[in-house]
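Since chain A is already given, all that's left is putting chain B on it; use the hints.
Residue numbers (the working numbering), protein chains in the order written: chain A, 204 to 484; chain B, 204 to 484.
Hints should not be assumed to be uniformly reliable.
[What the hints assert, rightly or not] Result set (SDA-like, lysine to any residue): computed pairs, CA atoms no more than 25 Å apart in a straight line:
1) B:K307 x B:A473
2) A:K307 x A:G465
3) A:K307 x B:K307
4) A:K307 x B:E213
[Claimed, not checked] Calculated from the model, a selection of chain A residues having no Cβ within reach of chain B, i.e. all distances over 10 Å:
5) L207
6) S257
7) P264
8) G362
9) E395
10) V445
11) A470
Hints in this document: simulated from the structure, not taken from any laboratory.
Ideal Cβ placement from N, Cα and C applies to all residues, glycine included.
There are 2 protein chains.
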Amino acid sequence: LDLLSQCWNECGLDPAKAAGVGITVPGMADMNSGTLLYAPFLGWRDVPVREIVSTRLSGPPVTIANDVNACALGETYFGQASSFDNVLWVTVSTGVGGGIIVNKQLYEGEYGIAGEIGHVTVEWENPRRCSCGQWGCLEAHASGTAIAERAMELMQQNGDAPLARYLREQRLPVSAASIAQAARSGVPEAIELYRSAGHYLGRAFSFAANLFNFGAVIVGGGVSLSMELWLPAAQDVFRRSVIHETNRNMPILATGLGYEAGLKGAAALAFHYRAKNGGSE
Amino acid sequence: LDLLSQCWNECGLDPAKAAGVGITVPGMADMNSGTLLYAPFLGWRDVPVREIVSTRLSGPPVTIANDVNACALGETYFGQASSFDNVLWVTVSTGVGGGIIVNKQLYEGEYGIAGEIGHVTVEWENPRRCSCGQWGCLEAHASGTAIAERAMELMQQNGDAPLARYLREQRLPVSAASIAQAARSGVPEAIELYRSAGHYLGRAFSFAANLFNFGAVIVGGGVSLSMELWLPAAQDVFRRSVIHETNRNMPILATGLGYEAGLKGAAALAFHYRAKNGGSE
Numbered sequence: 204l205d206l207l208s209q210c211w212n213e214c215g216l217d218p219a220k221a222a223g224v225g226i227t228v229p230g231m232a233d234m235n236s237g238t239l240l241y242a243p244f245l246g247w248r249d250v251p252v253r254e255i256v257s258t259r260l261s262g263p264p265v266t267i268a269n270d271v272n273a274c275a276l277g278e279t280y281f282g283q284a285s286s287f288d289n290v291l292w293v294t295v296s297t298g299v300g301g302g303i304i305v306n307k308q309l310y311e312g313e314y315g316i317a318g319e320i321g322h323v324t325v326e327w328e329n330p331r332r333c334s335c336g337q338w339g340c341l342e343a344h345a346s347g348t349a350i351a352e353r354a355m356e357l358m359q360q361n362g363d364a365p366l367a368r369y370l371r372e373q374r375l376p377v378s379a380a381s382i383a384q385a386a387r388s389g390v391p392e393a394i395e396l397y398r399s400a401g402h403y404l405g406r407a408f409s410f411a412a413n414l415f416n417f418g419a420v421i422v423g424g425g426v427s428l429s430m431e432l433w434l435p436a437a438q439d440v441f442r443r444s445v446i447h448e449t450n451r452n453m454p455i456l457a458t459g460l461g462y463e464a465g466l467k468g469a470a471a472l473a474f475h476y477r478a479k480n481g482g483s484e
Numbered sequence: 204l205d206l207l208s209q210c211w212n213e214c215g216l217d218p219a220k221a222a223g224v225g226i227t228v229p230g231m232a233d234m235n236s237g238t239l240l241y242a243p244f245l246g247w248r249d250v251p252v253r254e255i256v257s258t259r260l261s262g263p264p265v266t267i268a269n270d271v272n273a274c275a276l277g278e279t280y281f282g283q284a285s286s287f288d289n290v291l292w293v294t295v296s297t298g299v300g301g302g303i304i305v306n307k308q309l310y311e312g313e314y315g316i317a318g319e320i321g322h323v324t325v326e327w328e329n330p331r332r333c334s335c336g337q338w339g340c341l342e343a344h345a346s347g348t349a350i351a352e353r354a355m356e357l358m359q360q361n362g363d364a365p366l367a368r369y370l371r372e373q374r375l376p377v378s379a380a381s382i383a384q385a386a387r388s389g390v391p392e393a394i395e396l397y398r399s400a401g402h403y404l405g406r407a408f409s410f411a412a413n414l415f416n417f418g419a420v421i422v423g424g425g426v427s428l429s430m431e432l433w434l435p436a437a438q439d440v441f442r443r444s445v446i447h448e449t450n451r452n453m454p455i456l457a458t459g460l461g462y463e464a465g466l467k468g469a470a471a472l473a474f475h476y477r478a479k480n481g482g483s484e
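So that you can see chain A by itself, here it is in the shape it has in the complex (with noise of 0.2 Å):
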């Protein structure tokens, strides 16, 4: 806060004319209540962020989200997603997250938790455990954890084969980088390896499609800037998977907003709040 307090005075804003103040957090938050529920990376609970900020800045209205929809709200105000009503927007990156966006709005479900798309069952016969405690999770099939964990397993079981090769000559960690890095060189195992990512993400996709005839699915996220070793693979699927032309044809696109995608999401964050108050805040 004292930074952003800094850099208004340095720019010669001033802060009572601001439209508004967006604050992404990583956790559940309640956007009614400006109260970041829980965020387990940071062990965090019931933090009154909005209060919090508003106190110190008295000045524009605040609003928080959870970074994931704050990315998707980006991706409908700044994005490839402005021109659909409609669209899930997709973090595939440690884990696997997503935010819905209905009608142009953040749609947050009954219970403010909605868009849980890392945790839909794609695998039921040979599923891999995820880090929720279930079973053939997306996120336990196509995160970029879950990738980098499929590489260390293979390697383990033979450690000359062509990736551990190109790992150790190359001096590369095993990461879902360096295993795209041995894909794009033609390392037979990383190709499969983010193929069948794509595949998994290609089942989950077309649930997301059946169910909500969405305009686009937009992916951010580590992942996203892999888009060609997997989206192959999950088109095929997806193609297969859902019913009526207008699901078989939706674009399937990485984000264009990069890492500022959260950034201009807290931007929107601002914007979406004076729009659902009619301007008037």
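Same frame as chain A, but now just chain B:
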């Protein structure tokens, strides 16, 4: 329409004073233009239903909607869904269809065909062919038709199995209803057929709950009359496949509207139309 006019006359009602007329159609409807786009069973395409009916009635506003969507709306206005903002209606009958309520409004999707839960893939390893041409759809594994078809296959394999004997002795045709009767009489294959249908329904409901965090799922159609036969299996897989307690505790209910669900849905359409237009039309 002659019937409707006659009915109004007999009841002493004045069409000009009616709040509206709601019409449900068994197919894809464009609510904005009031057109029946396509009804596979009737073979009708692009019928301007609202125009035809409006001209004849020359009075109240006319609204049309897909019959399953109308059921969802009827349940929201008159049924158990009224205490929730976000609800999934599922008809399990000859086929499987769905209607989605978001913020107590019909959610139609980007191109008007949201709610196709009958065609989410619930079986990837041993999929059955669906009438839509795809494989492993919920409709191919859990509709009344699917239950009857699987029973038929079992009886063709073994004409002396308990289910075949039961139906022969009771002089019953092979149908979802007769198989439900057999299950209630303790015939093992019949019990298993309903258990299997419930398992697949639970899988599909889990996708919907994780993605949309619905307040409730309400089930209608003939198979909802045998809910006690399939709900335990559906609940079992559902609770193991959704994240967060609000999803795990989500009620899965049979409609209380019975065969009137469609009729009440048509009435709800008329109300809905007024509400959307601020009651001014």
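Each hint tested on the structure:
1. B:K307 x B:A473: OK: K307 (chain B) and A473 (chain B) at ~15 Å, within 25 Å.
2. A:K307 x A:G465: Cα-Cα ~17 Å, so holds.
3. A:K307 x B:K307: Holds, because 17 Å separates the two Cα atoms, which is no more than 25 Å.
4. A:K307 x B:E213: violated (47 Å)
5. L207: Given that every Cβ of chain B is farther than 10 Å from that of L207 (chain A), nearest at about 32 Å, it holds.
6. S257: holds (27 Å)
7. P264: Holds, because the least Cβ-Cβ distance between P264 (chain A) and chain B comes to about 22 Å, which exceeds 10 Å.
8. G362: holds (32 Å)
9. E395: holds (18 Å)
10. V445: Label violated. Min Cβ-Cβ 7 Å, cutoff 10 Å.
11. A470: Answer for A470 (chain A): holds, closest chain B Cβ roughly 25 Å.
Comparing the model with each earlier hint shows violations of hints 4 and 10; every other hint is respected.
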